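J.: Kindly generate the complete structure, drawing on both the sequences and the hints.
Spelled out, the chains give:
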Amino acid sequence: MNLWFSCFLFIIVTPAHIVRLYDRFEALDKEKTGHLRPQDFGAINRLAMNPIGDRIIGAFFSPGQETVDFHSFVRILAHFRPADKKHPKDPSMPEPVNSRTSKLKFAFQLYDQDKDGKISRAELLQVLRSMLEMQVTEEQLESIADRTIQEADLDKDDAISFEEFRKSLEKVNIDHKMSIRFLR
Amino acid sequence: MPALWRSTFVLVMVLLAISRPSLASEDTGNGTENTITTLPIVIWKWEEIHFPYLVALWVLVSWLCKLVFQLNPCLTRVIPESGLLICIGWVLGGIIYGADKVQTFRLQPFTFFFYLLPQIVLDAGYSMPNKLFFGNLGAILVYAVIGTCWNAATLGLALWGCWLGGAMGNIDTGLLQLLLFGSLIAAVDPVAVIAVFEEVHVNEVLYILVFGESLLNDGVTVVLFNVFDAFVSLGGAQIDAVEIIKGIISFFVVAVGGSLVGVVFALLISLLTRCTKNIQIIEPGFIFVLGYLSYLTAEMLSLSAILSCTFCGVCCQKYINANMDERSVSTVRSTMKVFANGSETIIFVFLGISAIDPSIWVWNTAFILLTLLFIFVFRFIGVFLLTWILNQYRLVPLDFIDQLVMGYGGLRGAVAYGLVLLLDENKYKEKKLMISTTLIVVYFTVMLQGITMKPLVTWLKVKRAAVSERTLAEKIQNRTFDHMLVAIEDISGQIGDNYMRDKWNNFEEKWLYWLLMTPIARKSCDPIFNIFHKLNIKDATSYVKEGERRGSLAFVRNESKADVDFNKKFGADFSEMMPYIMTENMGPDHVPVSSILRDSVPSVCLDMHEQDLKMRESEDFDAHHLLQQHLYKGRKQHRHRYSRKHLEVNKDEHEVQEIFQRTMRSRLESFKSAKMGVAPPKKISKHLKKDQPQKMPNGKSADNSKSHAYGDEDLEFSEGDSASGCEAAGGSFPMRAYRGAGIVNPAFMAEMDTMDPMPPMQQIPSWLAEAEVDSSNMVPSQRAQLTLPWTPSNLRRLAPLCLSTHSNDSFLLADSPATQEGISELPPPPPPQDGQGQGTHK
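Respectively, the protein sequence lines represent chains A and X.
Residues in the first sequence are numbered consecutively from 1, following UniProt numbering.
Residues in the second sequence are numbered consecutively from 1, following UniProt numbering.
Be aware that one or more of the hints could be misleading.
[Stated by the list, open to error] Once the Cα atoms are required to be at most 20 Å apart in a straight line, the calculated DMTMM-like pairs of lysine to aspartate or glutamate come out as: (1) 171/A / 482/X; (2) 463/X / 175/A; (3) 454/X / 47/X; (4) 105/A / 482/X; (5) 171/A / 204/X; (6) 177/A / 482/X; (7) 463/X / 164/A; (8) 538/X / 151/A; (9) 534/X / 175/A; (10) 115/A / 164/A; (11) 115/A / 163/A; (12) 177/A / 399/X; (13) 105/A / 123/A; (14) 131/X / 175/A; (15) 534/X / 139/A; (16) 177/A / 204/X; (17) 429/X / 357/X.
Source of the hints: derived by calculation from the structure; they are not laboratory data.
Keep in mind it's a predicted model, so treat the numbers as computed, not measured.
T.: Okay, here's the thing in structure tokens:
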């Protein structure tokens, strides 16, 4: 634990948070391997009801890896820390994970399942379908997707790149929307 | 028509509201008038009607004042409107006092609390941004409850201290009375606050905090007032711990109970609007009546009426907006504004008038100045203190500048004045002093703080409201964020706001929607879908505007190169959405009032356009079946191949043949009538005007209550006979042109529509024969058909009424080349398929 502490003190400031998260981690890690597997996440009931739950679970696992250790677990969660206004960014430090860009990156990769750096129409449709499925017909879904891409798509390649994604959300206060209070 | 309805309704309600006492006097008047000696031709009945007459005049005068200010933008930019209205009140009061030597007009507490305040509160609740409100409810409650108690207690205690210290000279008062005074003047007034904050556009969190606080703390202050009033009646000696505890309990019971009454009424309203489809005309009335009843009921149960009315508005808005017809929603919205704004104006004018009355003024410099000082100081202290506590828990802490503005925005207003008038002069020896102090405080805060608010906000560089254009991407992303946060909370095993919100949303979707919304409305309440819908409407409008900028919608027909993209782009969107545009309501917010008051030209054009698109749409969706029933089967088979690139669609032999036949026939007809010298259509220029009434049924035609829409239309036609037929045809001109562009020949359409819903192929001989006999089925009215294409039976009923084939002739003549073009050039097909094409090709 001590070693970890030093690793991500810069991510989550108070040790209390780390301890609390570690407890949670151990609770999730039913087989006490020190690693979490996707099915451990799947065991969280309410997460199963979440339309994009599986994508979020997916976001915890870096490509090719089947497990996630506590370090990465916290690293991912740290995306959701509110930005720290009191300590202005130190330009020499690497960009913190809770900066606007990395928050957006996290959101972006939820869409971009094939990791080609672009949200294609099909990818957008998938997300839309899972979020809207009951209320809307397929045709409408498609036209919503088209319309969304049209809005954001600046270079007319029928896909949303990260830059375009960021542009389209320029006015959204990401720090409000992608922060959780208790991680403060 | 909604405009007319609204204005009459407003008038009637205002008159009703104010003429109640006069009814009694009218009765007595009738009684005395029985003894007459001779038959009077005209008599002067001022005594009977003077009360409602005066009230109506006052309303008129106050509103005229507002009108005058709005003519002078420089003035309103510096001084907030509320301040100006008070000034006008002073002037008017001065005039009256000069004439009568006594102040005859005063703001009576009863009038204020029962006729002027409810609509303001209801409007505030109804137009409250729900998500923001409930998202910040905790903070709002803290400010409203604790903040108000703090203000009341500190002011009362501080004044008491000064009084004990002898700073105020010889006043007959006491701790309880001062606490009572503190409590009545503690509340920030929503009327004043909204009036000022609406003009300075601060960021939404700050706005909702100030607004929500001012609204809720009115309820709190009334409760506090009642508790202290009871304490004063009991007398200091009788108050022991039990009484104090009772007071605290009653405080919570009154506040929570009032809110619950409001919620119950909100449920009632929502349930009611589920089944008011058939009485659309008075549908909006229910909202007002039930909203008012929620106020009265709470008052009757001695619960907090203001809170009741607020929560009624807040809770019902979502469901009634979804349930009611779109036009009813805009009626409710604008009527609510008329009421609220109107009574706000009256309140401020009367606040001014009331001051010009020497009999209420008692001057006590120390008391007044100290009150002003304490109010100002303790407000700031309270805000800073509470914000500091809240900031420990808030995700996004309020920064210092926001706090400053909040503190400075503590305007007092009419509620305080109304309450102070309620005091019993026998119990409160210093009632007059309290009244004068209250008036001074109101003037000071509304005028001085109101005037300085805007410069202050600019100077402090308060975060302003971002003028953001809502986009689909944002909306979808917001939804994703919500899900994401819930998931992360789940993963990290915390129960936080997001979890609660998610739970609530699930509950709402599962039960409340089911209970309170009509099935159609349920579908449309998805926010993403909603914004999509709104964007489409916006596109439609800009599409039409673009068309008008170029002269007319005829550019659609021309299909010049530049247009194609535009057409394609928006056309695709329309086509997907159109059937839903009407069945869905306009969405909960931001329907500009002007949307129903649009001036004639755009509305007609837009309207036609919608019709046009809907017509196209009806081919794709099985919402309305006319075309399916009436068009060639051949067409239908080919339909899916419609696109701009595939031109062979109309090459269907039968179809081309029939189009040819019909065109020829129409020419023949026109030729015939021209020969017979029947009047040419000279009324074309009027068609826009004439189209206005027809617009209504148009709008209706797609919502669920088609039946009476057609009723209207029928009526209109029976009256409007030939002229309307002709003008209607004129009105639909551009659209016909559009149709001509490759889809359907208008003349051809007309024939189709008037025929029985049998397979048209078999009908050809019969109509050819028929044509000789019944020339009236020749384009009775293009407009009419486009308006009511969905029910063939109606059309059949219509046909005999339209006796005016002749007047259409020139149109037909003018059009026939276009229709020929339609066949020969085979212009690009309509966008709907484009949309699908895009969809499938990608």
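J.: Could you run down the list of hints and mark each one as holding or not?
T.: Here is how each hint holds up against the structure:
no.: 1; hint: 171/A / 482/X; verdict: holds, 17 Å
no.: 2; hint: 463/X / 175/A; verdict: holds, 16 Å
no.: 3; hint: 454/X / 47/X; verdict: violated, 47 Å
no.: 4; hint: 105/A / 482/X; verdict: holds, 16 Å
no.: 5; hint: 171/A / 204/X; verdict: holds, 14 Å
no.: 6; hint: 177/A / 482/X; verdict: holds, 8 Å
no.: 7; hint: 463/X / 164/A; verdict: violated, 26 Å
no.: 8; hint: 538/X / 151/A; verdict: holds, 14 Å
no.: 9; hint: 534/X / 175/A; verdict: violated, 27 Å
no.: 10; hint: 115/A / 164/A; verdict: holds, 16 Å
no.: 11; hint: 115/A / 163/A; verdict: holds, 15 Å
no.: 12; hint: 177/A / 399/X; verdict: holds, 18 Å
no.: 13; hint: 105/A / 123/A; verdict: holds, 16 Å
no.: 14; hint: 131/X / 175/A; verdict: holds, 18 Å
no.: 15; hint: 534/X / 139/A; verdict: holds, 17 Å
no.: 16; hint: 177/A / 204/X; verdict: holds, 15 Å
no.: 17; hint: 429/X / 357/X; verdict: holds, 19 Å
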